[in-house]
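Q: Listed here are the chains, written in short residue letters.
Protein chains: 2
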Amino acid sequence: MRIAVLGGDGYCGWATSLYLSNKGHSVAIIDNFSRRQWDHEVGAETLTPIRPLSDRLRTWHQLTGKRIELFIGDVMDYDFLSSTLKEFEPDAVVHFAEQRAAPYSMIDRKHAVFTQVNNVVGTLNVLFALREFAPDCHLIKLGTMGEYGTPNIDIEEGYITIAHNGRKDVLPYPKQPGSFYHLSKVHDSHNIMFTCKIWGLRATDLNQGVVYGTMTDEVGLDEALINRFDYDEVFGTVLNRFCVQAAIGIPLTVYGKGGQTRGFLDIRDTVRCIEIACLNPAGKGEFRVFNQFTEQFSVLELASMVQMAGKKLGLQVELNHIPDPRVEAEEHYYNAKHSKLIELGLVPHLLSDSLLDSLMNIALKYRDRVDLSMMMPKVNWRQARNERNVQPGRIDLEPVTPRAAKRNGSRRSVTTAKPEVEYSKG
Amino acid sequence: MRIAVLGGDGYCGWATSLYLSNKGHSVAIIDNFSRRQWDHEVGAETLTPIRPLSDRLRTWHQLTGKRIELFIGDVMDYDFLSSTLKEFEPDAVVHFAEQRAAPYSMIDRKHAVFTQVNNVVGTLNVLFALREFAPDCHLIKLGTMGEYGTPNIDIEEGYITIAHNGRKDVLPYPKQPGSFYHLSKVHDSHNIMFTCKIWGLRATDLNQGVVYGTMTDEVGLDEALINRFDYDEVFGTVLNRFCVQAAIGIPLTVYGKGGQTRGFLDIRDTVRCIEIACLNPAGKGEFRVFNQFTEQFSVLELASMVQMAGKKLGLQVELNHIPDPRVEAEEHYYNAKHSKLIELGLVPHLLSDSLLDSLMNIALKYRDRVDLSMMMPKVNWRQARNERNVQPGRIDLEPVTPRAAKRNGSRRSVTTAKPEVEYSKG
Chain E
1 MRIAVLGGDG YCGWATSLYL SNKGHSVAII DNFSRRQWDH EVGAETLTPI
51 RPLSDRLRTW HQLTGKRIEL FIGDVMDYDF LSSTLKEFEP DAVVHFAEQR
101 AAPYSMIDRK HAVFTQVNNV VGTLNVLFAL REFAPDCHLI KLGTMGEYGT
151 PNIDIEEGYI TIAHNGRKDV LPYPKQPGSF YHLSKVHDSH NIMFTCKIWG
201 LRATDLNQGV VYGTMTDEVG LDEALINRFD YDEVFGTVLN RFCVQAAIGI
251 PLTVYGKGGQ TRGFLDIRDT VRCIEIACLN PAGKGEFRVF NQFTEQFSVL
301 ELASMVQMAG KKLGLQVELN HIPDPRVEAE EHYYNAKHSK LIELGLVPHL
351 LSDSLLDSLM NIALKYRDRV DLSMMMPKVN WRQARNERNV QPGRIDLEPV
401 TPRAAKRNGS RRSVTTAKPE VEYSKG
Chain V
1 MRIAVLGGDG YCGWATSLYL SNKGHSVAII DNFSRRQWDH EVGAETLTPI
51 RPLSDRLRTW HQLTGKRIEL FIGDVMDYDF LSSTLKEFEP DAVVHFAEQR
101 AAPYSMIDRK HAVFTQVNNV VGTLNVLFAL REFAPDCHLI KLGTMGEYGT
151 PNIDIEEGYI TIAHNGRKDV LPYPKQPGSF YHLSKVHDSH NIMFTCKIWG
201 LRATDLNQGV VYGTMTDEVG LDEALINRFD YDEVFGTVLN RFCVQAAIGI
251 PLTVYGKGGQ TRGFLDIRDT VRCIEIACLN PAGKGEFRVF NQFTEQFSVL
301 ELASMVQMAG KKLGLQVELN HIPDPRVEAE EHYYNAKHSK LIELGLVPHL
351 LSDSLLDSLM NIALKYRDRV DLSMMMPKVN WRQARNERNV QPGRIDLEPV
401 TPRAAKRNGS RRSVTTAKPE VEYSKG
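Sequence lines, in order, name chains E and V. Each residue of the first sequence is one higher than the last, beginning at 1 in the working numbering. Each residue of the second sequence is one higher than the last, beginning at 1 in the working numbering.
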């Protein structure tokens, strides 16, 4: 198949592009390097030393003989996007090209507006370009499990049958997103559903959980292909942060009580899910929703798993509960369905099997690249303006091996910063 | 109370501003005349000869001794909006300042993007300005009944209790909006609900039906205060169009089968609902939704009421079913709750009582201002681009009184255009 990956230089996009290329598909990456730019803006860097995209693509070609086409530009630029799709003639468009960090969207008004405009207009552009130039192409859009929030009933896959006052209908599942970013994905979902209805577009919305892991078969071929590993407070995920904190011997920062429960999946399952969606396209006019995760964990369960994994590596890992910078239920019911991708052939990888190899050992390997100043939350949901302009300098760590860490006892004597903002309520 | 009316120069905004001013509230209008600009763009004009806002406000002051403050600017301009709210210090903000026409949003990509960005960012700006400078101020936001679409179950007011797999929760009512404009309102609703949760804002979302009528006690005081009466295919509503068509003796254009059913209300009820919301503010952190309409009618029922009203005036009115330019169910179940405003004291005006005075007689009075070229739909939901750039010249009508119309027989011999676009499917 001919598959265009919008945002193919990002974390999921890069792993997906390589996987699909390896499977024999003709892949084009469309990217404008926004994700790298946002790193500069927030003063963060991926733990893993990722290479420029041109290097990555050259290495991929040298190793495999396969070429991935590259179109450099912004999906916000309709002329660029539509001419690219006309030229490449994709059978499927995989749309990762959005600002994807909740904390980034919550920094202040400008970041909220940027996130919603960037994501909503980018997706509108994709929809119009498909309607005008590739009406039969299958759109595979990355949504998020965060669109649903944490309702007190089971979460279904996109739709729910509601019986009410003696009548019944299948309706879009109600959404209760928890950040301006998550809201942008809800807006997208409504826009896409509508264009499937009026224009007969075919779309699959993948409401993805939190993705973990750096390793896929393709990424592992060469250091030059290494993928991102974000652990900073803005773009990092809780599991990555915990692994890095364990690796450098500081307590894991649990936001609030830690009962927040979410869906998670290994990046090897992300890439497989995308392929499954490509190979099983939505029907004409169909807006299909899959919940794309494999296991659900609370933050405290994750912390405990990292503690146990750390123990195997000789690390003693402690927990530190800090005020939750987000406005979210810290304990709640959570049961989300996720059977549709399984029915189509997904065989999940489990976190318990991946934690050491794909997370803890990566964190340990690159631990001398850790920037301690990036660990504590500075973006508080309760404030309309969070100052992140002044970047503290990097706090250097001496290189320490796991064995050395063990020798040094329970934890390193680095001074861990307290949260730099007060969580004033109101 | 101190009440800021965003979009106070528009149809609902103007009637609301006068009503609230007359009731003794301190009113400020915030407007940038976008609505008048869009008339120029689409080549349409309100049937009624509205006056510049400066004239309107001067007349109001001369007649009543009351002053309405005016702040000229765009809610998209955060510095303007926030400094205005700081200066005026409102107790309530009534937010009408959005692009409000479904067909306008469906013209092409640029109009879709404009509508969603304008409405979503404008509302985000309002939310941030309230959070930063007026956190206790009550936001009264105009939503639309069109957010709900036409589900096969009863429509509740904003929320629905769902029992599912042995558990129960009260969740946001699922939304199935039918245009990029209606989608923008759904996006707004989600954004507002979220900010009520994280910042404790107080908001009332008024999901308004289709408003009809030009006359309120205040507007009727002087010709210089006259309100808009939009009948064109982009900004006009079906009832206004029918009345104008009846007045000039051409068949009523029914889109498709005419079974499309919607909620309607008299503009005298709109202004009263706004006052009721102001006087009964939402609680801190509460996102409250009222369905603001009084009666529901199908398009065919409206057509039949206009036929009967026409008969009383000596007009013979015929119907013409044309292909529906919209993608919508032409026959469907529709039962929408609307009791909350009634419980707070709304006493509805009924269409049967208003049709002659507030609609048919206005249409007849100004019938020589009718532009026939504005009547047939040129914006087709099924197309991604609708050409509206070339404006035909106005087709002049001789002035004809109802009596003359009767003399001339069943209908005037004007050549009524066929739809100027083919409704190709796909």
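Treat the hints with care, since some could be wrong.
[What the hints assert, rightly or not] From the derived model, a few chain E residues whose C-beta atoms are all more than 10 angstroms from chain V:
1. Arg51
2. Arg131
3. Glu132
4. Asp154
5. His187
6. Ala224
7. Glu318
8. Asn320
9. Glu331
10. Glu343
11. Leu350
[As the list claims (entries may be wrong)] Computed footprint of chain E on chain V, listed as stretches where at least three residues anywhere in the stretch have a Cβ under 8 angstroms from a Cβ of chain E:
12. 107-120
13. 163-177
14. 185-191
Read the hints as simulated data drawn from the structure, not as lab findings. In this text, all values refer to a predicted model and were calculated from it rather than measured experimentally. Glycine residues also receive a C-beta, built at the ideal position from the N, C-alpha and C atoms.
Q: At a Cβ distance under 8 angstroms, does chain E reach at least three residues of the stretch 185-191 of chain V?
A: holds (count 4)
Q: May I ask you to check that alanine 224 of chain E keeps its beta-carbon over 10 angstroms from the closest beta-carbon of chain V?
A: holds (39 angstroms)
Q: Would you check whether the claim that arginine 51 of chain E is not at the interface survives, using Cβ distances to chain V and the 10 angstroms cut-off?
A: The assertion about arginine 51 of chain E holds, with a minimum of 35 angstroms to chain V.
Q: Take a quick look at glutamate 132 of chain E and tell me if its Cβ sits farther than 10 angstroms from every Cβ on chain V, holds or violated.
A: violated (5 angstroms)
Q: Is the Cβ of glutamate 331 of chain E more than 10 angstroms away from each Cβ in chain V?
A: holds (16 angstroms)
Q: For leucine 350 of chain E, is the shortest beta carbon distance to chain V beyond 10 angstroms?
A: holds (25 angstroms)
Q: For glutamate 318 of chain E, is the shortest beta carbon distance to chain V beyond 10 angstroms?
A: At roughly 30 angstroms from the nearest Cβ of chain V, glutamate 318 of chain E sits farther out than 10 angstroms, so the non-interface label holds.
Q: At 10 angstroms, judged by beta carbons, does histidine 187 of chain E keep clear of chain V as stated?
A: violated (4 angstroms)
Q: Is the Cβ of aspartate 154 of chain E more than 10 angstroms away from each Cβ in chain V?
A: violated (5 angstroms)
Q: With 10 angstroms as the threshold, tell me whether arginine 131 of chain E passes as away from chain V on beta-carbon distances.
A: violated (4 angstroms)
Q: Go check the stretch 107-120 of chain V versus chain E for me, would you? Three or more residues, Cβ under 8 angstroms, otherwise it fails.
A: holds (count 6)
Q: Verify this label for me: asparagine 320 of chain E is non-interface relative to chain V, using a Cβ-Cβ cutoff of 10 angstroms.
A: Non-interface label on asparagine 320 of chain E holds, nearest chain V Cβ at 24 angstroms vs cutoff 10 angstroms.
Going down the numbered hints, you'll see the structure goes against 2, 3, 4 and 5, while the others check out.
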